[in-house]
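J.: So the chains spell out like this:
Number of protein chains: 2
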Amino acid sequence: MENFYFVNPTKIIFGHDAEMRVGSELKPYKKVLLHYGGGSIKKQGLYDRVVKSLQEAGVEWVELGGVKPNPVFSLVEEGVRLCSQHNVEMILAVGGGSVIDSAKAIALGACYEGNSWDFFENKAKPQSALPVGVILTIAAAGSESSDSTVITKEEGLLKRFVSHSMLFPKFAILNPELTYTLPSYQIACGIADISAHIMERYFTHSKSVDISDRLCEAALKTLITYGPRAIANPTDYEARAEILWTGTIAHNGLLGAGRIEDWGSHMVEHEISGIYDVAHGAGLAVVFPAWMKYVYQEDMQRFVQFAVRVWGVDYAFGESERIALEGIERLERFYQQIGMPVSLQELNIPEDRLDEMAEKATRNGPVGNFKKLSQADVMNILKLAK
Amino acid sequence: MENFYFVNPTKIIFGHDAEMRVGSELKPYKKVLLHYGGGSIKKQGLYDRVVKSLQEAGVEWVELGGVKPNPVFSLVEEGVRLCSQHNVEMILAVGGGSVIDSAKAIALGACYEGNSWDFFENKAKPQSALPVGVILTIAAAGSESSDSTVITKEEGLLKRFVSHSMLFPKFAILNPELTYTLPSYQIACGIADISAHIMERYFTHSKSVDISDRLCEAALKTLITYGPRAIANPTDYEARAEILWTGTIAHNGLLGAGRIEDWGSHMVEHEISGIYDVAHGAGLAVVFPAWMKYVYQEDMQRFVQFAVRVWGVDYAFGESERIALEGIERLERFYQQIGMPVSLQELNIPEDRLDEMAEKATRNGPVGNFKKLSQADVMNILKLAK
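Protein sequences appear in the order of chains A and B. Residue numbering for the first sequence follows this note's numbering, starting at 104 and increasing by one per position. Residue numbering for the second sequence follows this note's numbering, starting at 104 and increasing by one per position.
Just chain A, with the same shape it has in the complex:
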C-alpha cells in the first residue's frame, strides 16, 4: 500500500426532497450565483423548487445558465465577471458534472486577478476559491464531491483539468428523483463514466491494496446490477439511488487511497470529446476496452482478478490469458447492453484526426501509469478502438 493523504469534506445530503434543504445550506451567504445548464431544470420544476427554497431562506442570487456538456471557458469567464459585478460569495451549481465543473472554474477565477486559464495550464496555483454547493441531476462525473474540474477552451479545443482541495464542494444534494427525466442514453453515459472512474483506480501496480480493490469491486458490481435496471425503468428510485451514490463514492478519492492511479484512458478520451461532440462517458466506453486489450499483459493477474471478482468468471488454473480477455469482453458486453458504443465508428469519428489526438494527449509526455503511454501507444489504442 502506498503512503497517502485522504480527506473529503463535502457534506452529502441524500434522499427524497433533499433539494428543499438548499436554502438553509446557503443562509450564511449574502449573494449566490445560481449556475445551470439548459432548460431541463425549469421543465422538471427543479428550478422553481430551488428558487422557492432560496426565497424562504432570504438568500439573494444572480443567475447564469447555458452550460453545455464539455463546459467551455468562455462561459466561465462570463461567470467570473458576474461574480465580480455582484459581489457573489458562493456558487450554487444545479446540474451534472459540466455545470459543477464550470462552477468550480468560476469559483477559482473569481478569486484571481489574472486570466484563470492560467490554472489549467499550470501557470498559476490556486490560492483561494469561492465555495461551491451542488444540486446534482445526473450520476456520472463525481464532481459533486471531487476536488477537480475539467474545462474546454474553444480556441484550439483544449480540454484541461485542475485539481485542488479548495475545489471540494461544501455540500452536495443528491435526490435520485431528480434523475428521472434524463434520457436513457445520458444515464448510460453516466454509468460508463462512473465505471471508468473506478477502473482508473483499479488498474494499478501498487501491491497489497486489497481493501481498496474490494471497495472498487463493490462499486463496479453495484453498477453492473443496477445500471440496466436504472435504464429500463426511469422511476425506479432504488436503482437510481444505488447508481447515484455509487457515482459519488467512485470519485470522492476513497477508492484510490494507497494506490497509484492510472488515468491514461481519461487523457485519451479528453482528446476525443475535446474535438468531437461526444459525451465523455460514451468516449470512455470506447477507449477503456481498447486500452485494456492493449495493456493487459502488463499485469495479467490483475485482469484475472477483475474477471473473476467483478464479472464472476470461473477461475481455472493455467487459463490466465483466456480469463483476462473474458473479463474485458464482459465489460464490452455490459457497455453494449446499456446502449453505449464500443468503437469510434459507432461514434461517427473518422480516422483522419487520430494522429492529432495522440499527439495532443501526450503533449506533456507519456500518460497513464499502469502502462506509460507514448504517442505511438495512444495511436495504437485509438486504432484498436476503431
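The set of hints was computed from the structure by calculation and includes no laboratory data. Please note that the accuracy of each hint is not assured.
Just so you know, same-sequence chains aren't split out, so a pair can sit in one copy or run between any two.
Said to hold, decoys possible - Computed list of lysine-lysine pairs in BS3-like fashion (alpha-carbon distance at most 27 Å, straight line):
| hint | residue 1 | residue 2 |
| --- | --- | --- |
| 1 | Lys-228 | Lys-130 |
| 2 | Lys-228 | Lys-114 |
| 3 | Lys-324 | Lys-310 |
| 4 | Lys-310 | Lys-114 |
| 5 | Lys-130 | Lys-273 |
| 6 | Lys-228 | Lys-324 |
| 7 | Lys-133 | Lys-489 |
| 8 | Lys-145 | Lys-273 |
| 9 | Lys-146 | Lys-475 |
Given chain A, work out where chain B should sit, using these hints.
T.: Showing chain B alone in chain A's frame:
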C-alpha cells in the same frame, strides 16, 4: 435506501513515518495537550519522535498520560482542568480508541461551564469543542475518524457515549509500523471490534442498500484475509496496513449511509466491559455471535447473504436456515482462529450479574433496531453467550 447525511472531514495521513508530520499539522495552535495512555509510546520511541516533531515546529504542549482501556471520566476531568489552566487550544491523542475517546471528552469539557458528564446523560448538547488530532497506535475503535466518544464513569460503572459532528478529529495519522509492538491479543481484539462496527451496520431491515452492503462485505473480507496474517507476523507491514485502513473505513460513517444501523450488540457489550475488566473487542466477539443466533429469524435472507457473500458458503435453494447458521458459525470460528473468546465463560464472567447488565443495557428502553431488544431479550442473548 434511507435518506441520509454523510460527512467526514477528518484528514487521513497514512503510511511510513507519517507521525513525523504531526508538528506541521499542529503549527496553527499555541498550546497543545499531549494525551496518551501507559508507557508503551515511550518504550517504542514514538513519544520521542512526536516531541521532536512538536519542538521542530515550535509547538508548546502540556501532557496528560495514564489513559486506560475503557477510559474513565475522572481522567477526563483532570484533562479539562489542565486545558483551562494552560489555555490549551488543541488536544493531540497518541494511542488507541481509549486515548482518542478520552481526548474527545476533554475537548467537549474544556468548552463547557458545567459538568461535562451532562453530555453523556443527554442533559446538555455540545455547543463547541476544542479540535482533536490523532496519532493512532492500534486498529480497532475507529475513533480516529468518527464523531463519537465512549467514557465510563467510575461511580456506578456507567459506560456512556456522545456523538456530535464537532468530535470528528481534524487529522488522524496512521502508520502501520506503530502497531508492530502490540500484543497479538490486542490486535485480535481490535479486529473483533472492527468487524463488529461493520456488522452493526450490515444487519439492517433497510431495503435496497446494495452499494453499502457490498462495501461492508469488502471490509469484512479484508479483515478475514489479513487478520490472521497480521497476528501471525507483527512486522507484516502490508497486513497491518490493510487492517489499519479497514478499521478507519469501518467506522467513518460511510458503511452506514442510507441504512438504519443496529448497535444492539454494542449496547449489551458496554455493560459487560463497564463492569468487568474486559477488552471491548473481546466482549463483542462473545456478544455478536450470540446476538446473531437470537435474531437471525428476523430476516433469514440477510443472514444467508452474509454467509454466501462474506464467508463464501455455497448457496443452495431451500437451505436458507442451514446457510444462515453456517455463516454465524464461520464468524465464531474466525474469532477463535484469531484467539478471541466466544463465551462469557472464557472471559471468566460469572452469571450473577447478567440480570444487572440486561437491566442497565435497556434502562432507556429497548436497544438495537434489527430486533428491538427488551431486557428479557438481552438476558436471553447473555444466556446464549454463556
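J.: Run every hint past the structure and note whether it holds.
T.: Hints versus structure:
For a Cα distance limit of 27 Å, the shortest separation of Lys-228 from Lys-130 across copies, 23 Å, qualifies, whereas the shortest one inside one copy, 30 Å, does not. Proximity of Lys-228 and Lys-114 under a CA criterion of 27 Å is satisfied in both settings, with 25 Å inside one chain copy and 21 Å between copies. In the homo-oligomer, the alpha carbons of Lys-324 and Lys-310 lie at most 27 Å apart both inside one protomer (22 Å) and across protomers (17 Å), since each shortest distance falls under that limit. Proximity of Lys-310 to Lys-114 under the C-alpha cut-off of 27 Å is restricted to the inter-copy arrangement: shortest distance 23 Å between copies versus 32 Å within a copy.
Taking CA atoms no more than 27 Å apart as the test, Lys-130 paired with Lys-273 passes in both settings, with 13 Å inside one copy and 25 Å between copies. With identical chains, the CA atoms of Lys-228 and Lys-324 are never at most 27 Å apart, being 38 Å at best within one copy and 41 Å at best between copies. Taking CA atoms no more than 27 Å apart as the test, Lys-133 paired with Lys-489 passes in neither setting, with 52 Å inside one copy and 62 Å between copies. Only within a single protomer do Lys-145 and Lys-273 lie at most 27 Å apart by alpha-carbon distance; the minimum there is 24 Å, versus 40 Å between protomers.
In this homomeric assembly, Lys-146 and Lys-475 never come within 27 Å of each other (Cα to Cα): the closest approach is 46 Å inside a single copy and 45 Å across copies.
Hints 6, 7, 9 from the earlier list are contradicted by this structure; the remaining hints agree with it.
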